[in-house]
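Full structure from sequences and hints, please.
Residue numbers (the UniProt record's numbering), protein chains in the order written: chain A, 1 to 276; chain B, 1 to 683.
If you are wondering where the hints come from, they were derived from the structure by calculation, not from laboratory data. There may be inaccurate statements among the hints.
[What the hints assert, rightly or not] Mimicking DSSO-like on lysine-lysine, the simulated pairs with C-alpha atoms at most 30 Å apart in a straight line are:
no.: 1; chain 1: B; residue 1: 375; chain 2: A; residue 2: 265
no.: 2; chain 1: A; residue 1: 249; chain 2: B; residue 2: 679
no.: 3; chain 1: A; residue 1: 262; chain 2: B; residue 2: 380
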Amino acid sequence: MNTNNSRCIAAVVKARSLREHRPANGSAGMQGGGRVRSRSLSVTMRRSAMTLQNNMAKNQRGEAAPSSRMTGRERQMGGFSLLLESSDDEGPEEVTFEDSKADARRSMKRALDTARREKELLKEKRRKRQELFQEQKKRKLLSAEVLEEIDSTKQEQSHVKAAEEEAEPEEVEGRKRNWKQNAARNLKGNYTVTTVKQSTLASSQLKAAEDFLHSRMYGPGSRRTTSNEMLSLENKMGKNKSAAVQFVKKNWACQKKAKAEKLKKTWIHMQQIPSS
Amino acid sequence: MGEFKVHRVRFFDYMPSAIRAMVFSTRTERLALARADGALEIFNFSDNYFQEKVLPGHDGRAVEALCWVGPRLFSAGLNGEITEYDLENLRPRYTVEAYGGPIWTISVNSQGTLLAVGCEDGTVKMFEVLKERIQFQRNLDRQKGRIISLSWHPSGTLIAAGMMDMIRIFDAETGRATHRLLVDRGAGASKSKEVVVWSIAFLSDHTIISSDSAGKVQIWDGLNGTLIRTHLITKWDVLALSVSQDESSLVAGTSEGTVVQFQFISSTVDRLDKDWVRTRTFKNHSHDVRALAHTETAVVSGGMDTQLVVRPLLDKVEKNTRESAMRKVSFPHRSLVCCAKKAGLLLFQFPDHLELWRLGESDGYGKLGGSLPVKRGPEKLIQLKRKGEDHICCSALSPCGGWLAYSTVTSFRLYRLQNGSISICKVSKLPKDLLPAHQLCFSTNSSKLFASSSNSSVVVVALNELECKYLGTLKAKYGCRQPVHQLSASDNGKWLATANTDCEVHVYNLDKLKLHCTVPVYGSCPTAMAIHPTTSNLVVVHADQQIFEYSLVKKEYTEWSRRLQKQGLHSMWLERDTPITHVTFNPKNPAHIIVHDMFMFCIIDKSLPLPEAKNVLYNQMALRSLPEPDRVLHSHGFKICKDFQHLLCVSLLEDHSLVVVERPLLDIVSQLPAPVRQKKFAT
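And the structure:
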C-alpha cells in the first residue's frame, strides 16, 4: 500500500513537473487533461504511474512502443503520456527507476518524519499537562495540610510550651515545605495510621475472581449493548411501535437545573419585596 | 363500593438482585436459589411455587454454587468458604475455610458422603459429610488452571472437572487425573482468549456433556476421552447446564437468554441408535441465564434479569391446564413496605438501608379516574444505613410513626422517632432475647413490639418513652421448629396471630400471654393474614389462593367462610400466579376485606353474593364496559381493580385514602446490566 502510494506520489510529482515545464498547450493537451480528470484520480495516477514506469523501463531496455496487451484505459493513459510527449517537441524525459525509487523513499521518510514530530509534540503537550495537574494537586494538598496544622495547633494548646514553640516556626514554613515532610511531622504524637477494614488476602482474591468473571462476561470482545437499547429496539420492532425507552435524557445538567431553580426563587422573592 | 383517594407511590426504587445459582431437591420438592448479594431463597414447588424462606445476604459472601445433601443446604463462594445453612433459624450454621482461594463449584456424590469443591488454585478438595459438620479429607491431583465446574459420576468413582481450555477426569479413589479432554477455542477473535468450560455433567453411561464460553455444548466419551459430537448453539457463552434425573433430557442456558433443550432420543423408530438431539428452545429471559434446574416436569431458569421462570415441559404435563402454564416470579412473596396508617408514613426495606418517607398531600376533588393536584409532594425523611455486613432481614414501623425497628441475622436495632419523625435516636439496652428476629410487628397503639424468634416463638417487649422492657415469650406447642413468617396483631391489642412455614397458625391471648387456639392446619402455607378490628375474625390467605375466615372468639370458621368453601372460589381467582401478600380492612365498612397481589388489588365484600363459577370473573373496569343488565348479572363480591401495576403494597390509611406502592417492571429492566447485542435486520 505504501509503495503504491509512493509510486502515486512519484507519478503526481512527475506529472506535475511535466505539466509545469511545458507551456500552455493547444487543444490536444487540454483534451488529454480533460480526459484524465474525468476518471477517478487515484486510478488514473496509479495507471499512469505504472505505464510511465513501464515506459521508462522499456525505454531503458530499448523497446519502442507499449505492448498491445494494454487495456483501453491504459491505452488512453498511455495516450496521456504520449500526449505529454507529443505536446512537447522534446523527447520524453528519461527518469530512471532508481530516481523514482529514491524520490519515493524520500517522500516516505518525510511523511514518517512529520508523523514522528507530531507524536512528539503531542507527548510534550501531554507531559506538560500532567505536570500542571500534579502541581495543582500539590497546591491543593498543601492548603489542606495548612488547615490540619491549624487544627492540630489548637489541640496542642494545652501541651508543653516547647512543643508549641516548635510548632510555630514550622507552621510558617509548612506552607513552603513539601507535604511529605509535614506528614512525618504529624506522626510525632501517639498516632498510628491504619485502614478501617483490613483487606485480607481472601478479599483480594475475591476481587480478582470477580474481575475475571466480569471481564469474561462484560469485558472487551463480549459484544454487549445497554438495556435501554434493547428495550428501545423492542419498541421499534414490536406490534405497537413506540419511541425509545429513554427518549429524552431527563438527568442531564442536574446541577445547572438546581441552580436555575434557586435563581428563579430568589428572583421571584426579589420581585415580591418592592411590591409588598 | 366506595370512592377512594389513591396515593400512587412510585418512589420505591426496589432493585432485585441477579440470580447466581440454583439447585433443586427432588426429595423435598424444594428449590434453593442464591442471588448475587448473597441472599438465599427457598421455594416450595409443591405449594404453588411459594417463596417459603428468605435468608438475608452478607457483604462479601459471593455465592457461586449451591448443593443439597439430603435436607441440608451447602453453599460455596468466591470468599473461599463452604457454608452450611440452618434452614429453621434462617441463618448460616457454620463456615469452613477451604484454603484453596475462591471456590467456583461444589458437588456431592450420589451417596451423599463426599463433597467435592473446585478451587481457584487448581485443586479439587474432598470433604467428608458428617452428621453435624464437614471435614476435609484430601486433595485430588493439583492442576495448573482453575477448576470452574465439577460433576460426579453416579457411581461415585470418577469426577469430571471443567477448567480453562480442557476437561479433566479424575479417579476419585486414587486422586489421579486419568483423562484430559481438550476443548476447542472459539473461531475468529475469540481464538486468542482461553475457553472456559462453564458447566459439565457426567452421566451414568460415562458420557460427559460440557458447555463452554465459545457457545458450544459438547458430548464426550468419558471412557476413551474422545469427542463424540459438538453442538454450536449460540455466539455467546453457554453458562449453565442441567440434566434431568432419568438422564433423558438436558437443558443449556446461554448468555442470550435462551434455554436450549437436548433429548436423548433416536432419530428412527428403532431404539438402538439413541443420540442427543437438540429439541426445544425457550426464550424467556432478556439477559444471561446463569442458573438452571431440570425438575421432572419443568425447566427452571434464572439469571441476570432477576426473574425466576418455571417452564413446564409439555410432554410431561397435560396441555392447557394450570400445571402447564409458565410461571414467573419477579417480586418477593413478602412485603417490603410498611405503612404507618395513622401518621401517613412509609418504610421501605432495602438490603442495606431503610428509607422513611412521608406521603404527599392533595386538596381538591376530582372525578373518578382523574389525578388530583399535589399540594405538597412526598419527602424522604430518613435514610438509615445498617451497621455491619449482614443484610437487613426484616423491619417494621409503628402505626403512629414513633418507633422504627429492624433486624439482621446478628443484630437488632430499635429507634425512637420524634418531632414528627424528623429526629431519630437509638434505643440502647435491648433485652437479650430479641435476637434473632425473622419477623417484626408493632401493636396498633404502639405500646408493644412483637419479634418472632426461634422454634416458632414470639418475644413481646413493652415500649415506653425511650426504653423497652421484656414482657414475655409466647411459645407455640412443643415440636414447632419452623420459623414464623407472618405476624399480625389485632387493633384492640388482645390477640396476636402467627403463621410459620409448616402451615401452622397459632393465636395468642395477649392479656394472659398464653396460647389461645390453633387454627386447623391447611395443606398450603399462609401468605398473608390479618385480624378484623371489630369482629375479631382472622382472615388467612394461602399460597394456593384459598381464603379462610376464622372467628377467634368462637374458635370456629365463620359462616361466610363455610359458604365460600362450599361454593368454592372462582377458577380464575385460583389460577392467579402471584400470591396475596397483604390483607387489610376498611374501618368504614366491616364487610370489606382488601387484598392485593402483584397485578391487582381486590375488595371482597362479604355482603354481596359470591361469583358464580360458570361466569367470567370480571374486574371493575371490564364490568363498567358491559351493558346494564349484564352488569347486574355479573356483579359479585370480588371487586378487582387492575389499574395499578406492578404492586408492592396496597394499604388503607386512617383518613380513608388508599396507598398503592407500584414498581413497574420496566423500571427494573431498564436498570439491569448489559445484555448481549443481537443484530436484527433493519435496525
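Hint check results:
For a cut-off of 30 Å, the pair hint linking residue 375 of chain B to residue 265 of chain A stands: about 18 Å separates their Cα positions. The straight-line distance between the Cα atoms of residue 249 of chain A and residue 679 of chain B is roughly 24 Å, inside the 30 Å bound, and the hint therefore holds. For the hint pairing residue 262 of chain A with residue 380 of chain B, the CA-to-CA distance comes to about 20 Å; that is within 30 Å, so the pair holds.
In this structure, none of the earlier numbered hints is contradicted; all agree with it.
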